[in-house]
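Asks: Residues per chain are reported as follows:
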Amino acid sequence: MPAETGPTAEPTTGPTQTERWTPRRGATGRLLAAELRLVLGRRRNQVFVAGLGLVPALLGLMLYLTRDDPRTSEGPGFLTQATNNGVFLVVASLFMCLPFLLPLTVALATGDAVAGEASAGTLRYLLVLPVSRSRLLFAKAVGALALVAVAVGVVATVGLVVGAALFGLHDVVLLSGTTVPLAEGMLRVLGVVVYIGLSLTGLVVVGLFVSTLTEVPIAAMVATVVVAVVSTILDTLPALSAVHPYLLTHYWYGFAELLRLEVDWNTVGTGLGLQVAWVVVFGAFAWSRFTQSNISS
Amino acid sequence: MTSPTISRHARWGVPTLAVSAVVAGFALQPLLAAASAADLPETTPEQLVAQVLAADPQPLSGTVVYTADLGLPNIAALAGVAGLNSAMTSADPTNLLAGTSTLKVWTDADSRSRVTLQGGTSEFSVVHDATQAWTYSSHDQTVTHYTVDDPARLAELGQTEVPVPADLPTPPRAADDLLAELGQHSTLTLDATTTVAGRAAYQLVLTPKSTTTLVGRITVAIDGKTFSPLKVAVWSRDDAQNPAVELGFTDVTFATPSDQVLTWSTPAGAQVEEVVVPLPTDAEIAEAAAEAQDLAPTVTVSGTGWDQVVTITGLPVDELMGLPGTGPDRSAHRHPLPGLAQDYAQMPEEAPQIAQSLLAGLSTEVDGGRLISSSLVNVLLLDDGRVLVGAVPGDTLLAAAR
Amino acid sequence: MSDDLAVATRGLTKRFRSGQVAVDAIDLEVPRGAVYGFLGPNGSGKTTTIRMLLGLVRPTAGEVELLGRPMPQAAAQVLGPVGALVEGPAFQPYLTGRANLVRLDACDPSADPATRDARIDAALARVGLAAAGGKKFRQYSLGMKQRLGLAATLLRPRELMVLDEPTNGLDPQGTREVRTLVRELADEGTTVLVSSHLLAEIDQVCTHLGVMSTGRLVLQGGRADLAGQRPRRVEITTTAAHLPTARRVLAEQGLTDIRVPAVGPDIRVPAVGPDIRVPAVGPDIRVPAVGPDVRDDGAAGTATRLTAVLDGVATPAITKALVEAEVAVAALHVREPSLEEVFVELTGEGFDVAR
Chain A
0 MPAETGPTAE PTTGPTQTER WTPRRGATGR LLAAELRLVL GRRRNQVFVA
50 GLGLVPALLG LMLYLTRDDP RTSEGPGFLT QATNNGVFLV VASLFMCLPF
100 LLPLTVALAT GDAVAGEASA GTLRYLLVLP VSRSRLLFAK AVGALALVAV
150 AVGVVATVGL VVGAALFGLH DVVLLSGTTV PLAEGMLRVL GVVVYIGLSL
200 TGLVVVGLFV STLTEVPIAA MVATVVVAVV STILDTLPAL SAVHPYLLTH
250 YWYGFAELLR LEVDWNTVGT GLGLQVAWVV VFGAFAWSRF TQSNISS
Chain B
0 MTSPTISRHA RWGVPTLAVS AVVAGFALQP LLAAASAADL PETTPEQLVA
50 QVLAADPQPL SGTVVYTADL GLPNIAALAG VAGLNSAMTS ADPTNLLAGT
100 STLKVWTDAD SRSRVTLQGG TSEFSVVHDA TQAWTYSSHD QTVTHYTVDD
150 PARLAELGQT EVPVPADLPT PPRAADDLLA ELGQHSTLTL DATTTVAGRA
200 AYQLVLTPKS TTTLVGRITV AIDGKTFSPL KVAVWSRDDA QNPAVELGFT
250 DVTFATPSDQ VLTWSTPAGA QVEEVVVPLP TDAEIAEAAA EAQDLAPTVT
300 VSGTGWDQVV TITGLPVDEL MGLPGTGPDR SAHRHPLPGL AQDYAQMPEE
350 APQIAQSLLA GLSTEVDGGR LISSSLVNVL LLDDGRVLVG AVPGDTLLAA
400 AR
Chain C
0 MSDDLAVATR GLTKRFRSGQ VAVDAIDLEV PRGAVYGFLG PNGSGKTTTI
50 RMLLGLVRPT AGEVELLGRP MPQAAAQVLG PVGALVEGPA FQPYLTGRAN
100 LVRLDACDPS ADPATRDARI DAALARVGLA AAGGKKFRQY SLGMKQRLGL
150 AATLLRPREL MVLDEPTNGL DPQGTREVRT LVRELADEGT TVLVSSHLLA
200 EIDQVCTHLG VMSTGRLVLQ GGRADLAGQR PRRVEITTTA AHLPTARRVL
250 AEQGLTDIRV PAVGPDIRVP AVGPDIRVPA VGPDIRVPAV GPDVRDDGAA
300 GTATRLTAVL DGVATPAITK ALVEAEVAVA ALHVREPSLE EVFVELTGEG
350 FDVAR
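Chains as they are written, first to last, in numbering that gives the first Met the number 0: chain A, 0 to 296; chain B, 0 to 401; chain C, 0 to 354.
Hints may contain errors.
One side of the interface only, derived from the structure: several residues of chain C facing chain A at Cβ under 8 Å [unchecked claim]:
| # | residue |
| --- | --- |
| 1 | ARG50 |
| 2 | LEU53 |
| 3 | ARG57 |
| 4 | VAL81 |
| 5 | ALA89 |
| 6 | GLN91 |
| 7 | TYR93 |
| 8 | ARG102 |
| 9 | LEU103 |
| 10 | ASP111 |
| 11 | PRO112 |
| 12 | ARG155 |
Reference excerpt, derived from the structure (chain C facing chain A, CB under 7 Å, subset only) [as the list claims (entries may be wrong)]:
| # | residue |
| --- | --- |
| 13 | LEU55 |
| 14 | VAL56 |
| 15 | ALA74 |
| 16 | LEU78 |
| 17 | PRO80 |
| 18 | ALA83 |
| 19 | VAL85 |
| 20 | CYS106 |
| 21 | ASP107 |
| 22 | PRO108 |
| 23 | SER109 |
The hints are simulated quantities; they were obtained by calculation from the structure and are not laboratory data. Predicted, not measured: the structure shown is a model, and the values here were computed from it. Beta carbons are placed, not taken as given, at the ideal position from N, Cα and C, and that holds for glycine.
Okay, chain A solo, but in the shape it has when bound:
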């Protein structure tokens, strides 16, 4: 922000002569910190994330109890791998959460971000402080991303702890059948966690855009989940194969590349680049919409 001189260059008789009205150092940092406190401190969000943490715990327990049942060999390889090696419980848990629960987390975070503040009426009070709309939108994006990051982190961490406790941590067998040392395997799984987190950034920004369109947070949340689900469905329709590479969710499962013998950085890069494209486009839409909208709630 440019350091503007105060608005009252002309003398005033009011009590504000000595008050400083130009932005102070660290204003953006304080705004972000306040937003993070709000999002991460909210009881409902904490309960939701804790609930997500149950997924790896229950999944681990279920695999542990049925590990001798031959039927568990059905389903994706991660599930069966997890019974051999706790590290894979991290991947299996995220894999389970990716189609619906993580988009729901994104929807929860972004629905509240703008629509929630609008419906509570708090948005107008932030804007007259004044917080510039661009900065507020940025802070909202950071807050929503933080909640999603925490959610992914909790699933991964609980997955690792439960996996280690139930199945132990061993050298990691890649999808290609090659065994790599535990340290490298952990690094690759960390890469998977980061990739999945970054894969959600596009949806976060789409959700934020949706959130600027309405004053009903639930509507924004539902719309965001619908975007993710519809994108997944479209991705399976062969008739639309021409648009598949541009779908928001198309490269979500590209994290598997990190578990192959030779990581195809091309695919990983394309997947992340696609997210950047969605972030840029819908970030611009959200900014355009939010900075122009009438705040009438």
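Based on the hints, put chains B and C in the right spot on chain A.
Replies: Showing chains B and C alone in chain A's frame:
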């Protein structure tokens, strides 16, 4: 603080700019990839074929994409309706008939190679190391280890690799087979040079001399430097726009891959199946040739080149209308991809019904049987147990059946 | 537009997408240091105007200057010294009152974090929420919420306060406190723009008034000037029998516009307090006295009142003439012009929902 001072035009300018930048980014990608198209020295089709067949196999690593659009009904959707759980995240066998599969290839051009079929979150690997070979399916962590009973005999037979039924196709393999089999029945021409996987390539066009086959033409892109085939595309007579089947590198590096890729060590916890491949003695080969004669009553080939019709008799069509693996003798219908075949084998109890509904969706009722019609190949299943296969119209098959 | 104005608009108009004109070309002028009562029935466009002043809603046409700077272009520079309560308080329900203020202050780019706690304590104390700061906002009563909203505007000394219906939901005591607060702020030199649909609530503290009716600013000016335009009236309470005589005497004395207000036995004037509306106020039903000093004579049905414009006639002369004419005078008041009357005349309705 920016927002209130920026003109209203910026509010629309910024999204417009963002969309343009992204569109431009996507549009530029292929342009950049194609930027290396270079002039290649003049050549003739015959010279090129000779060079390809004479060229030493190249050590390489790369990504191969296989795309099939055979004009069949939507198999994945049919399978979904029929109750087959074709999870999008695993290597989907129906992709071989319609859709796209990605393979990775590494070879030292000698005795060691690795080819993998990439599923969304799974992988099927075939690793060759001289007298041994392994397949590995990440889906169920099963290893099949192939060895020969007599390694010395392998060399005598002039082979460098153990023959594995699960071998995956690569552009060089496919091109070599095509050129050897069909070159003489085709008109060879050269198309404009092209770029495949960032490399300048000749385009050889095989046009069938026959006018009755379903195949319109086959194009083979051949690397201008190594004369290694980079892409094979088969076009049906009906659709000149898009190839019915395409197998090509999207990314290739001509260099010997690292040892880590080419060596195999069986992971802990995997189920291992040992298979010893018996290598035939000279006597056995002769015997097999004689047996081939005996096969005549069951497998007949009529027509030549592109118009070949293969007639198989004595098959339990009822079982065919079920699926491989459900019959009494699984090995009789060995699927090209055992890992995927095992997926089939693990199908639920209602598999036969699913198969029948699949078949019903794929085929049409004709006089005396059912016809599976695609843009390249037709298959006629007759009620009397005969099966006719050929790259010819369905009527030709029906005529051949009479 | 003048530098002497804390708020100035020119031709400010808001037309909603539905085509409804919420605010119709108003020229608002709030002088610095004024306490500007922004009056009008619910739905007359006050809140939309305030939203446009603060840059929350984009005007369809017209200009806004706040503290001498154009809005919304200079929002970042100008809104700091402006405290605002817009259409009721709004806070995160799951945070305590205090935590809500902490959050707001942390988001304020020019607020000093070092003095935050002290300023919050002071603001809470000033609105009487010192003890309730630790309670969740959702547990607050309507009055407490309103007080917290005021506290938020008091976190920092302001040059201009925009208070939209600050007394909504407050009890009479709370309303008095708000009035006191507005006076204090004015004494400190703060310009206050306070809106209300209830005249009586803010009548006493305003130095300036603006009246909205169906989107138009129908009246604006200094309170004294506005009142001065209206004639003083005398009101005589007598008996029905003496009414014709009284009427004649008044006419003889040169008083004009002699009327008998239609306050009959069935229309009782309730004890009108600052927070209670006069129910049956219509154009031809005069409320004889609005304000805390109102009294019902308790003799409804027998007493009859007569009002007339004084026109400079001295009251002693009237009294004398009435007595000489043997009119029984139960009471005689000189009524200062009532703003209520002014509004009723201008808006054509009472202070109830307009549409």
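Asks: Confirm or reject each hint.
Replies: Structure-based check of each hint:
no., hint, verdict
1, ARG50, "holds (7 Å)"
2, LEU53, "holds (5 Å)"
3, ARG57, "holds (6 Å)"
4, VAL81, "holds (7 Å)"
5, ALA89, "holds (3 Å)"
6, GLN91, "holds (6 Å)"
7, TYR93, "holds (6 Å)"
8, ARG102, "holds (5 Å)"
9, LEU103, "holds (7 Å)"
10, ASP111, "holds (7 Å)"
11, PRO112, "holds (6 Å)"
12, ARG155, "holds (6 Å)"
13, LEU55, "holds (4 Å)"
14, VAL56, "holds (4 Å)"
15, ALA74, "holds (5 Å)"
16, LEU78, "holds (4 Å)"
17, PRO80, "holds (5 Å)"
18, ALA83, "holds (5 Å)"
19, VAL85, "holds (6 Å)"
20, CYS106, "holds (5 Å)"
21, ASP107, "holds (5 Å)"
22, PRO108, "holds (4 Å)"
23, SER109, "holds (5 Å)"
Of the numbered hints listed earlier, not one is contradicted by the structure.
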